[in-house]
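**Student:** Throw the hints in and build the complete structure from the sequences for me.
Just so you know, the protein sequences line up as chains V and B, in that order.
Remember, my numbering sits 259 above the position in the first sequence when you count from 1.
Remember, my numbering sits 1333 above the position in the second sequence when you count from 1.
Source of the hints: derived by calculation from the structure; they are not laboratory data.
Backbone N, C-alpha and C define an ideal beta-carbon position, used for all residues, glycine too.
Among these hints, one or two may not hold up.
[Said to hold, decoys possible] With the C-beta cut set under 8 Å, the calculated list includes, among others, these residues of chain V facing chain B: (1) P268; (2) R275; (3) D280; (4) A286; (5) A291; (6) R295; (7) A580; (8) L581; (9) G582; (10) R585; (11) A645; (12) V646; (13) T658; (14) P660.
[Said to hold, decoys possible] Quick partial rundown of chain V residues pointing at chain B, CB under 10 Å, derived from the structure: (15) R269; (16) V272; (17) P273; (18) S277; (19) T440; (20) G576; (21) L577.
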Amino acid sequence: MGGRRRGAPRAPVPARLSPVDLLRTGASGLRARPLRVVLSALGIAIGIAAMVAVVGISASSRAELDARIDRLGTNLLTATPGDSMFTGETAKLPKGAAAHGERVGGVRRISEVAQLDDASVYRSDRIPKGESGGITTYAADLGLLDTLEVEMAQGAWLNEATSRYPAVVLGAKAAAQLGITEAGPGTLVLIGAEYYSVVGVLDPVELAPELDRAALVGWGVAGDRLGMDGHPTTVYARADPERVDEVRELLGRTLDPENPNEITMSRPSDALQAKEAVDAAFTGLLLGLGGVALLVGGVGVANTMVISVLERRGEIGLRRALGATRGQIRGQFLVEAMVLSALGGVAGAVLGGLVTACYALWQGWLVDVPLWALAGGAAVPVLIGAVAGLLPAMRAARTPPTQALGAG
Amino acid sequence: MSAATGTAPGPAAPAAELEDVARHYPGGVRALDGVSVRIEAGELVGIVGPSGSGKSTLLNLLGTLDTPTAGAIRIGGHDVGALGDDARSALRATGIGFVFQQFHLAANITALDNVADGLLYTGLPMRRRREKAAAALRRVGMADRAGHRPHELSGGQQQRTAIARAVAGDPALILADEPTGALDTATGEVVIGLLRELNAEGAAVVVITHDREVAAGLPRRIQVRDGRIAADERTDGARSAAVGGVRP
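**Tutor:** Here is the structure:
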């Protein structure tokens, strides 16, 4: 400074603050007020936690559903008679439909069941007739268990012998409803006018939930004693996974060549996949709500920064006296707002991840928190902080140093 | 060691020079009017006056925190009126040290960090800042308190820390605004003694005070009244001109 030269020396040039110094300066205001930091970062944290949890839970649910669909297979087809185009009555499938269908290329296994309308199921003859409990009796062929790829919860599936005698296998819900805890020859239920031995109980059948409320008897005994006419009401088919669409096309025509239009073909796994789409729509809605929380959090940060700038006029004046330029003051408060909401973002991402993990584990799902959600949850608030802090920071930079020092 | 008081060597630029400076505020308030004063490099000056006399305005102008409505100000040879806000900031960062009545220390960091942060805007790296801060604390006799936070220090120790912050960057001009205002008499004397020592080491020191006793101990006293310089006297009697002695 003490120049010996004559004339005006060159105008001094302000030094640049290193990024580390800028960050330190921005954080210094936060360190002094930890409670306020926690409270104003909380808004951002809640918003981010909500969004990460929504994304995480829906991703976990989808992962679980995918795994379930994978496990159950997408190659099960169900054929039911549709409403007849002319009579409006419920049509039946022709006799021996499954045997016809077996010849279609790409069909691996095929089975049929026939619903028996006049065969209500009761625990005993003391139960009033009206209280059949919604259990439906079906005649089932012996291959049904393999076609559905379902396991027995208890006892055994029907075989050549038991299918000709009064023996029944119950669906999971039907067994629970009838209070059957143990399958065996001594456990009897009343079907129609006769008692049947419960020889087995099925596991839940996810792709054919109608069988959970079913009482399944052999084809033979149904014909002999329950008045079954031999027309199946539903055909289940397992197709070669590569040829599902082709089989679906052909099978309808094959099962009922005379009235191919009356057959309704469906693919139960489609329902599960549709559930994914519904989940996605719902997730979008929840994400929107999380976004609103985040917006409110951003307003909270802006509010905190405005108050902070007002309170710290003394500090601003001091820094200006120490040589801070307006830009450096602006930078400090901008960084402070960004650090503040980044803290909220990191806390929110961690919280959201934990909520997802807890919920998924509680549901027995796979935990799947997408990395992009975590990274975005930590990064987006930095942007929010920059926007929220812009106005307060500009205000801080405009504060005249003399006035600021006077107020301090 | 340069001359402690009196006139500085010829070729050196004055620490501060005001030529017919006025500072008016909107609404017709004339905080300063027609002030001309020259503070030599290495000088020790008191600016005395009752509150509202304009001495704080004068300090803000000397510190380049404010700009004059009329007239010219040169600080260390720089024409302040010709400098933009950034350049004035840079001038403050390296050329001017401030000491305030209320110390203005950050509460949650140590004395050493407070002093080091005073060098934040000089562009020195952190390590150099801390080294210089430690040296400055030694100069004011606070080396053993470097790790204390402001609330663990007495008022006098806090003001010494603030003085260390002002001198850490070796500015040519130190401006002290009522540095003893928040201190008892004995502590105030210690602080003034410290400012004298720093002045003896080469910096020009300007002490603003309304305390006549404090002013009486300084070699040069500029009295400000109603926005004008009422008297400019030196104890050694070399030049004791009463500038504003006669008032219209």
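**Student:** Now look at each hint and say whether the structure bears it out.
**Tutor:** Now the hints, each set against the structure:
1. P268: Hint on V/P268: holds, closest Cβ of chain B at ~5 Å, below 8 Å.
2. R275: holds, 7 Å
3. D280: V/D280 check passes; min Cβ-Cβ to chain B is 6 Å, inside 8 Å.
4. A286: The hint is violated - V/A286 has no Cβ within 8 Å of chain B, the shortest such distance being about 11 Å.
5. A291: holds, 5 Å
6. R295: violated, 13 Å
7. A580: holds, 5 Å
8. L581: Constraint on V/L581 satisfied, holds at 5 Å.
9. G582: holds, 2 Å
10. R585: With Cβ-Cβ at 6 Å, under 8 Å, it holds.
11. A645: Check failed: Cβ of V/A645 comes no nearer than 22 Å to chain B, outside 8 Å.
12. V646: violated, 25 Å
13. T658: This hint is violated: V/T658 lies away from chain B, its Cβ roughly 12 Å from the closest one there, beyond 8 Å.
14. P660: Holds: closest Cβ of chain B sits about 4 Å from V/P660, inside 8 Å.
15. R269: holds, 9 Å
16. V272: This interface hint holds because 6 Å falls under the 10 Å limit.
17. P273: Holds. Min distance 4 Å.
18. S277: This hint holds: V/S277 lies near chain B, its Cβ roughly 7 Å from the closest one there, short of 10 Å.
19. T440: violated, 69 Å
20. G576: holds, 8 Å
21. L577: Because about 5 Å separates V/L577 from the closest Cβ in chain B, which is inside the 10 Å limit, the hint holds.
Going through the hint list in order, the structure does not satisfy hints 4, 6, 11, 12, 13 and 19.
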